[in-house]
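Student: So the protein sequences, as listed, match chains A and B.
The numbering of the first sequence is the working numbering, which starts it at 335 and goes up by one.
The numbering of the second sequence is the working numbering, which starts it at 33 and goes up by one.
Do not rely on the hints blindly, as some may be mistaken.
Claimed, not checked - No more than 20 Å apart at the CA atoms, straight line, and that leaves these computed lysine-lysine pairs for PhoX-like:
1. LYS50(B) <-> LYS83(B)
2. LYS90(B) <-> LYS729(A)
3. LYS65(B) <-> LYS95(B)
4. LYS46(B) <-> LYS675(A)
5. LYS260(B) <-> LYS487(A)
6. LYS387(A) <-> LYS434(A)
7. LYS675(A) <-> LYS42(B)
8. LYS729(A) <-> LYS260(B)
9. LYS65(B) <-> LYS50(B)
10. LYS487(A) <-> LYS595(A)
11. LYS46(B) <-> LYS65(B)
12. LYS83(B) <-> LYS68(B)
13. LYS90(B) <-> LYS65(B)
14. LYS480(A) <-> LYS434(A)
15. LYS50(B) <-> LYS100(B)
Everything labelled a hint here was simulated from the structure, so no lab data went into it.
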Amino acid sequence: MSINKAVEEDSNQNQNSRLTWEGCNVLLDINDGDRLVFARLTAASTLKIGNKKCCLQPLVGCPFGSLFLVESGKEGPILSRFVPNAEGNNLEEKDVDGSKDNRAIVDNNTAQSLTSEDIDEMRRQGAKGDEIVDALIANSATFEKKTLFSQEKYRIKKQKKYAPRVLVRRPSARSICEAYFKKHPDKIGFMRVDALSLLLCLGNVTANADVLVVDMVGGILTGAIAERLGGTGYVCNTYRGSSPYPVEITRMFNLNDEICKRIVHASLTDLNSFQTGASVSESKEETLPAVQSGGVEVVGISSEHGCMEITPETVPSPIIKPCKSIKPGQKALPETIELWKENGFSSLIIAAPELEPWGIVKEVLPLLSFSAPFAVYHQYAQPLATCMHNLQIEKMAIGLQISEPWLREYQVLPSRTHPHMQMSAFGGYILSGTKISSSEPVTSSN
Amino acid sequence: MILPINPANKLSFKRCIKDGDLVIVYERHDTMKAVKVSEDGVLQNRFGAFKHSEWIGKPFGSKVLSNKGSFVYLLAPTAELWTLVLSHRTQILYIADISFVVMYLEIVPGCLVLESGTGSGSLTTSLARAVAPTGHVYTFDFHEQRAASAREDFERTGLSNLVTVGVRDIQGEGFPDEFCGRADSVFLDLPQPWLVIPSAGKMLKPDGVLCSFSPCIEQVQRSCEALKSHFTDVRTFEVLLRTYDVRQRIVESCPVNEGGSNERPPRKRRQGSAEGNNGIECTSSPTVMIRPSGEARGHTGYLTFARLKCFA
Numbered sequence: 335m336s337i338n339k340a341v342e343e344d345s346n347q348n349q350n351s352r353l354t355w356e357g358c359n360v361l362l363d364i365n366d367g368d369r370l371v372f373a374r375l376t377a378a379s380t381l382k383i384g385n386k387k388c389c390l391q392p393l394v395g396c397p398f399g400s401l402f403l404v405e406s407g408k409e410g411p412i413l414s415r416f417v418p419n420a421e422g423n424n425l426e427e428k429d430v431d432g433s434k435d436n437r438a439i440v441d442n443n444t445a446q447s448l449t450s451e452d453i454d455e456m457r458r459q460g461a462k463g464d465e466i467v468d469a470l471i472a473n474s475a476t477f478e479k480k481t482l483f484s485q486e487k488y489r490i491k492k493q494k495k496y497a498p499r500v501l502v503r504r505p506s507a508r509s510i511c512e513a514y515f516k517k518h519p520d521k522i523g524f525m526r527v528d529a530l531s532l533l534l535c536l537g538n539v540t541a542n543a544d545v546l547v548v549d550m551v552g553g554i555l556t557g558a559i560a561e562r563l564g565g566t567g568y569v570c571n572t573y574r575g576s577s578p579y580p581v582e583i584t585r586m587f588n589l590n591d592e593i594c595k596r597i598v599h600a601s602l603t604d605l606n607s608f609q610t611g612a613s614v615s616e617s618k619e620e621t622l623p624a625v626q627s628g629g630v631e632v633v634g635i636s637s638e639h640g641c642m643e644i645t646p647e648t649v650p651s652p653i654i655k656p657c658k659s660i661k662p663g664q665k666a667l668p669e670t671i672e673l674w675k676e677n678g679f680s681s682l683i684i685a686a687p688e689l690e691p692w693g694i695v696k697e698v699l700p701l702l703s704f705s706a707p708f709a710v711y712h713q714y715a716q717p718l719a720t721c722m723h724n725l726q727i728e729k730m731a732i733g734l735q736i737s738e739p740w741l742r743e744y745q746v747l748p749s750r751t752h753p754h755m756q757m758s759a760f761g762g763y764i765l766s767g768t769k770i771s772s773s774e775p776v777t778s779s780n
Numbered sequence: 033m034i035l036p037i038n039p040a041n042k043l044s045f046k047r048c049i050k051d052g053d054l055v056i057v058y059e060r061h062d063t064m065k066a067v068k069v070s071e072d073g074v075l076q077n078r079f080g081a082f083k084h085s086e087w088i089g090k091p092f093g094s095k096v097l098s099n100k101g102s103f104v105y106l107l108a109p110t111a112e113l114w115t116l117v118l119s120h121r122t123q124i125l126y127i128a129d130i131s132f133v134v135m136y137l138e139i140v141p142g143c144l145v146l147e148s149g150t151g152s153g154s155l156t157t158s159l160a161r162a163v164a165p166t167g168h169v170y171t172f173d174f175h176e177q178r179a180a181s182a183r184e185d186f187e188r189t190g191l192s193n194l195v196t197v198g199v200r201d202i203q204g205e206g207f208p209d210e211f212c213g214r215a216d217s218v219f220l221d222l223p224q225p226w227l228v229i230p231s232a233g234k235m236l237k238p239d240g241v242l243c244s245f246s247p248c249i250e251q252v253q254r255s256c257e258a259l260k261s262h263f264t265d266v267r268t269f270e271v272l273l274r275t276y277d278v279r280q281r282i283v284e285s286c287p288v289n290e291g292g293s294n295e296r297p298p299r300k301r302r303q304g305s306a307e308g309n310n311g312i313e314c315t316s317s318p319t320v321m322i323r324p325s326g327e328a329r330g331h332t333g334y335l336t337f338a339r340l341k342c343f344a
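Please take these sequences and the hints and turn them into a complete structure.
Tutor: Spelled out as structure tokens, the structure:
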């Protein structure tokens with residue numbers, strides 16, 4: 335295989351690539367989820383960690399999943415790759431039965447003999463973050479008295495402050511949804527990742543499907559569907575009025591050109607017009623109001639925790655590279671719309687917190703093929719209940735169900751396994767069902 | 033059949049039921065059956081006899097009548113419907129777990145996925161839907177007959193080109209070497225998953241994701257121990273689905289006495305004395321109301337996910 339072909343193939347398979355590349359989007363997880371930052375890897379993009387600005391160039395070409403540490407270089411701090419050893423850094427579980435406790439530990443602020451001046455001096459002499467953490471432990475009068483579990487907690491706390499770690503994550507529907515849900519749930523209509531997962535399944539999203547979508551959740555739904563279509567079929571965003579709903583979140587995914595071409599939009603008027611051919615109205619808006627992606631889109635807000643040095647600001651890349659790639663969200667071609675009118679969409683997914691569910695369902699359901707499944711997301715149960723009731727009365731659908739996913743995460747540690755103390759109590763409601771054919775059967779001949 | 037891989041089978045206003053199609057016969061949301069349509073076939077159920085010949089030529093989603101005038105609906109199969117109608121040879125995974133697994137394993141078209149055990153093939157069907165059209169699911173079960181039945185099912189649902197069922201004791205022998213470093217994701221539903229975790233680690237590409245489904249917390253505990261050395265981002269979840277009942281009920285509503293004095297809150301009315309209401313008219317109106325269903329599946333299993341560490 336020629337190199338050119340290999341490169342071409344690689345760029346076509348970006349979605350599945352194991353390595354980052356110049357211009358790709360990454361999700362940076364700083365200190366085990368304390369801060370999540372979306373970044374585009376360009377020569378000029380930087381990330382601010384603490385009071386240090388780090389160039390993201392070293393991240394280009396590394397495998398997704400790589401861990402980086404901040405190290406001081408000649409020209410300021412640099413991110414350097416850290417390869418863990420296979421043994422892991424897990425503490426030996428000698429003290430799980432709890433022979434130690436905290437009766438001798440008094441909070442009088444004298445346990446640490448190292449001052450901040452001492453630490454600054456160590457830094458000036460080029461000490462690495464891990465060395466500072468070790469020094470802090472060596473100078474802690476109470477460290478030895480702590481249980482192994484709280485020793486580990488202490489180490490992690492100091493490590494986060496003095497030796498922050500940056501984990502390079504591949505942005506996918508899951509990580510993007512989780513990041514938004516954690517930091518800006520309002521931007522995705524408070525849709526938790528398990529609700530999004532259910533929508534994709536209930537909406538039977540698969541290769542070659544033509545999925546009709548009403549996405550008023552910033553594009554998380556559109557992006558997730560496009561990811562599952564993998565450059566086949568279509569995700570058609572429909573909208574009321576004259577301009578499509580924004581789907582900027584689709585730009586956080588690393589969707590290649592083939593996949594982006596499959597994200598289109600068409601107004602409800604265009605989809606519902608029964609004339610054929612040239613009737614498709616000329617909308618002034620040719621593409622979605624694309625948000626210029628600077629270098630770094632910040633989702634992260636640093637923890638309020640006092641000892642966290644990390645500030646929420648990141649510096650957008652000063653150079654905005656002209657983006658050659660196809661932008662998601664082109665207007666659907668009239669001939670494609672004609673095909674949909676003839677054949678119907680293969681499924682429908684709605685996540686429109688601002689629309690009354692019954693109104694929009696009544697309007698778009700006729701566009702769906704018979705026996706096609708649909709799923710409607712909403713934050714509130716009552717409008718979905720009304721919608722479900724009306725669908726039953728009008729005999730438009732069967733298999734109707736309103737469900738709500740419930741998700742609980744567990745801490746799993748020897749002798750210390752329990753559900754997380756804090757959990758998300760609500761991830762959204764989903765109404766699902768299957769459209770039926772409207773024609774009544776004639777009585778059986780028998 | 034279950035997937036629109038062949039454009040001719042794609043759901044469409046024009047796509048009618050043909051001889052040889054797999055249809056889901058829908059009586060009620062909890063009573064469904066998969067039926068293969070044949071010209072001289074007859075479906076007999078409590079509603080009477082349904083002649084397949086009368087189904088042919090109708091669109092999917094049609095209502096059809098029996099000789100007694102009762103009706104059922106004929107639906108095009110989907111992975112979700114299949115999960116509700118398949119024959120249970122083992123305990124199966126349901127939609128809440130299935131959808132979460134597919135999302136968390138980050139399965140997209142073109143992925144290579146390993147699964148053990150195959151069981152009744154409920155999850156496998158959704159995995160196949162996610163890897164289509166170019167990916168593949170290799171699923172293993174140590175039970176020869178179960179594997180054969182699963183193969184027949186994938187033949188029936190038209191997934192044979194996407195799924196390969198192998199007979200192998202994965203817990204005892206690990207995954208076959210030919211998949212070393214090739215898997216995008218691995219799914220384990222085994223009684224002792226921790227025995228397979230080293231093998232699963234060898235199969236995965238760097239940063240690949242593993243999921244282990246276990247009903248008991250003790251299994252989870254041991255799996256998490258085994259994951260420590262070569263995996264990162266180890267997270268354990270429980271995902272359930274709460275369903276809701278929607279009913280329209282007649283509710284009596286009495287308007288608040290607006291003509292009364294403003295400084296006082298409305299007086300408490302004695303119950304059952306409609307005539308003593310100072311002329312307030314109470315009306316009964318149908319209202320749509322929603323509440324959680326009384327019963328639900330309380331536990332299925334714990335889902336533990338982990339990513340292979342990047343050592344290279």
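Student: For the pair supplied as a hint, LYS260(B) and LYS487(A), confirm whether the alpha-carbon distance does not exceed 20 Å.
Tutor: The given pair, whose Cα atoms are some 17 Å apart, holds under the 20 Å limit.
Student: Take the C-alpha atoms of LYS46(B) and LYS675(A), compute the straight-line distance between them, and say whether it is at most 20 Å.
Tutor: With a Cα-Cα distance of about 11 Å, the restraint between LYS46(B) and LYS675(A) holds, given a limit of 20 Å.
Student: Is the straight-line distance between the alpha-carbon of LYS729(A) and that of LYS260(B) 20 Å or less?
Tutor: Violated - the C-alpha atoms of LYS260(B) and LYS729(A) are around 54 Å apart, more than 20 Å.
Student: Is the Cα-Cα distance between LYS65(B) and LYS95(B) 20 Å or less?
Tutor: Distance of about 15 Å is within 20 Å: holds.
Student: Please verify whether LYS46(B) and LYS65(B) have alpha carbons no more than 20 Å apart.
Tutor: violated (24 Å)
Student: Against the 20 Å threshold, does the CA-CA distance of LYS90(B) and LYS65(B) hold or violate the hint?
Tutor: holds (18 Å)
Student: LYS50(B) and LYS83(B): Cα distance at most 20 Å?
Tutor: Satisfied, since the Cα-Cα distance of roughly 13 Å is no more than 20 Å.
Student: Keeping to a limit of 20 Å between CA atoms, is the pair of LYS50(B) and LYS100(B) held or broken?
Tutor: violated (24 Å)
Student: Take the C-alpha atoms of LYS675(A) and LYS42(B), compute the straight-line distance between them, and say whether it is at most 20 Å.
Tutor: Holds: LYS675(A) and LYS42(B) sit about 15 Å apart, inside 20 Å.
Student: Given the hint that LYS90(B) pairs with LYS729(A), does the C-alpha gap stay at or below 20 Å?
Tutor: Cα-Cα ~18 Å, so holds.
Student: Below or equal to 20 Å on CA atoms is what counts here, so check LYS65(B) against LYS50(B).
Tutor: holds (18 Å)
Student: Does the alpha-carbon distance linking LYS480(A) and LYS434(A) stay inside the 20 Å limit?
Tutor: Within the cut-off at roughly 7 Å; holds.
Violated hints, listed in ascending order, are 6, 8, 10, 11, 15; each of the other numbered hints is respected by the structure.
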